[in-house]
Amino acid sequence: MSESLLKVEGLCAGYGRVPVIRDVSLSVAAGEVVTLIGANGAGKSTLLKAISGLIKPTAGTVIFDGLDVTGTPPERLVRQGLALVPEGRMLFGPMSVHENLLLGGHTQTPEGVRGALERVHTLFPVLAERSSQAAATLSGGEQQMLAVGRALMSSPRLLLLDEPSLGLAPKVIADIFAVLDGLRAEGLAILLVEQDARLALRHSDRGLVMRAGHVALEGTASELISNDDIRLIYLGAWHGEE
Amino acid sequence: MGTVAPRIRFVLFAAASVVIASVPFLTDDRYLLKILTFVGLNAIVVAGLALLLGFAGQISMGHAAFFGLGAYTSAYLTTAHEVPWLLAVAAGTLLAATGGLLLALPSLRLKGHYLAMATLGFNEIMSVLFVEMRGITGGNDGLSGIPFPSIGSFVIDSPAAIYILVWAVAALAFVGAANLVRTRPGRAMRALHGSELGALASGVNTVGLKVQVFAVSAALAGLAGALYAHSVGFISPSQFSLEFSILLVAMVVVGGTGSLTGPFIAAVALTLLQYVHALIPGLSKDAAALIQDWEVDISGLIMILTVIFVPGGLAAFLKRRRSGAGEEGEIA
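If you're matching them up, the sequences are chains A and B in order.
My numbering puts the first sequence at residues 185 to 426.
My numbering puts the second sequence at residues 7 to 338.
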């Protein structure tokens, strides 16, 4: 495998004094799609927040593109090419689709914004159609597309994506994953958190299973899909039986 | 994007400018001009506070103190040290901006009620300083004999000229604020208000942005305060009390978040309310006294009614009236 774009080692983080993730290590190579799976509360979203600088890790290191970026504020990481699509999308509801996208390009030069906007409109034509509409009036699927589009506006090399399928119809989820496949083909690296593990693994190169704040298992996507233990781990957690 | 709304906005702006500019030609009533000058001064402060509260979503209960800081600085420099007016006003504006910066750095890490309390505390501290720093402020007696605005040998000393000066600054403040809101930093401010986490994830330095907006907002308050000092010639601590801060917040709340037009209209209305007794010719003495006694309560009541019945303020009301043009969508 080529040199990793993102390398996380021994990362610990949490909220206040409550530790949520413990000693997490993982890596994402350039152009690779890695999925984090695990039950609610396993620490997946916290891990994404700690990597993207939204919360400060208490221990461990985050290396992005060869630089130690542990605890770096998100605005610097966005500039360096790491973008997060947060859980719950966090769109700017009263602002137009266009303005939401422009905000995604906040760290870009005007030419950069123009280029990125064209790319996002090609990926999600519906965002071009609804350009002047308030983000809050979009359907759930369109909002998710806007959230992804907004993150792409910073022209990232690594996209952290938290629960893109949340609350969406199967057809819409398929549309979004089709776009993710396209981005993957273009060489964008993606670290994905997803409840629907089977679906996510089918679109990934590798997967990590998180349980109780640490990585319980990892492997290639096909290994994980065919592994009976995996089903037990996440199905077990789903139904509250170990 | 919506081409209708900006055109309406431009027509409104042009119409308001013509009306405001024609006032000195229609009347030479010194008292009326003075009242309308106060309206312009409050409008300058409100332009800044609307940016801070209405767009960036950060409250300040201390803008009267920044107003006072600008007023005392400029007044002191011109009276005690004969500093040229323009320089003194610039110093007052700059000091208010610095004060805003220093207050914002620690307190903008606070949110909501805590930020309100911190800025409220700042206003109280400044009120005490305005009284206690007698050497500079003249204590409770205040500072008098503050010279009229002047540039070189050109003195702006007639009520009409001062009126024009203040409203020219107010127009600049609103044009500047309107431009700021529509460009990159303004967009980031509105984003911050919408979803701080979303703004962070988009690469907006939220703390830095809040501090900058706070400083700009404090600077406008300081500028208005300095102009005030030179238009009235006398200042004392009671003019920069918490009560004035609350009135300013009321103007922005009643005017509506995410708008400049709404707060402007509210600033005009709520300032005029203070002088209703003088503005309505046939008003009996008793009625005038009654209104004067209850003026603060009326402002408060208007604010409460706004928050309960029209949470989006005048701005939401205006938007609803011209629905179809609503390129900014609903207040979510």
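Note that these hints are calculated values from the structure, not bench results.
Please note that a few of the clues may not be correct.
Claimed, not checked - To be clear about the criterion: a stretch of chain B counts as covered by chain A if any three or more of its residues have a C-beta under 8 Å from a C-beta of chain A, and this derived list gives those stretches: (1) 185-194; (2) 201-209.
Unchecked claim - Label pairs and their computed distance ranges (CB to CB): (3) B:L278 x A:A320: 52 to 62 Å; (4) A:D252 x B:Y120: 26 to 36 Å; (5) B:L248 x A:A320: 48 to 58 Å; (6) A:G200 x B:E130: 25 to 35 Å; (7) B:A174 x A:A353: 54 to 64 Å; (8) B:V25 x A:G366: 55 to 65 Å; (9) A:A320 x B:L135: 52 to 62 Å; (10) B:L307 x A:T293: 28 to 38 Å; (11) A:N411 x B:K117: 42 to 52 Å.
Predicted model, so just to flag it, every value in this text is computed and none were measured.
Note that beta-carbon positions come from the ideal geometry of N, C-alpha and C, so glycine has one too.
A quick look at each hint next to the structure:
1. A stretch counts as covered by a chain when three or more of its residues have a beta carbon under 8 Å from one of that chain; for the stretch 185-194 of chain B and chain A the count is 3, and the coverage holds.
2. For the stretch 201-209 of chain B, the stated coverage by chain A is satisfied: 8 residues place a CB nearer than 8 Å to a CB of that chain, which reaches the threshold of 3.
3. Distance hint check: the CB atoms of B:L278 and A:A320 are about 36 Å apart, inconsistent with the given range 52 to 62 Å.
4. The supplied range of 26 to 36 Å is met by A:D252 and B:Y120, whose beta-carbon atoms lie about 34 Å from each other.
5. A beta carbon spacing of about 36 Å between B:L248 and A:A320 contradicts the range 48 to 58 Å that was offered as a hint.
6. For the hinted restraint 25 to 35 Å between A:G200 and B:E130, the CB-CB distance of approximately 31 Å keeps it satisfied.
7. Taking the beta carbon of each, B:A174 and A:A353 are about 57 Å apart, inside 54 to 64 Å as hinted.
8. Hint check: B:V25 to A:G366, Cβ distance near 56 Å, so the stated range 55 to 65 Å holds.
9. Here the CB-CB span from A:A320 to B:L135 is close to 45 Å, at odds with the stated 52 to 62 Å.
10. For the hinted restraint 28 to 38 Å between B:L307 and A:T293, the CB-CB distance of approximately 50 Å leaves it violated.
11. Taken as a hint, the range 42 to 52 Å holds for the pair A:N411 and B:K117, whose Cβ atoms sit roughly 45 Å apart.
In summary, the numbered hints that this structure violates are 3, 5, 9, 10.
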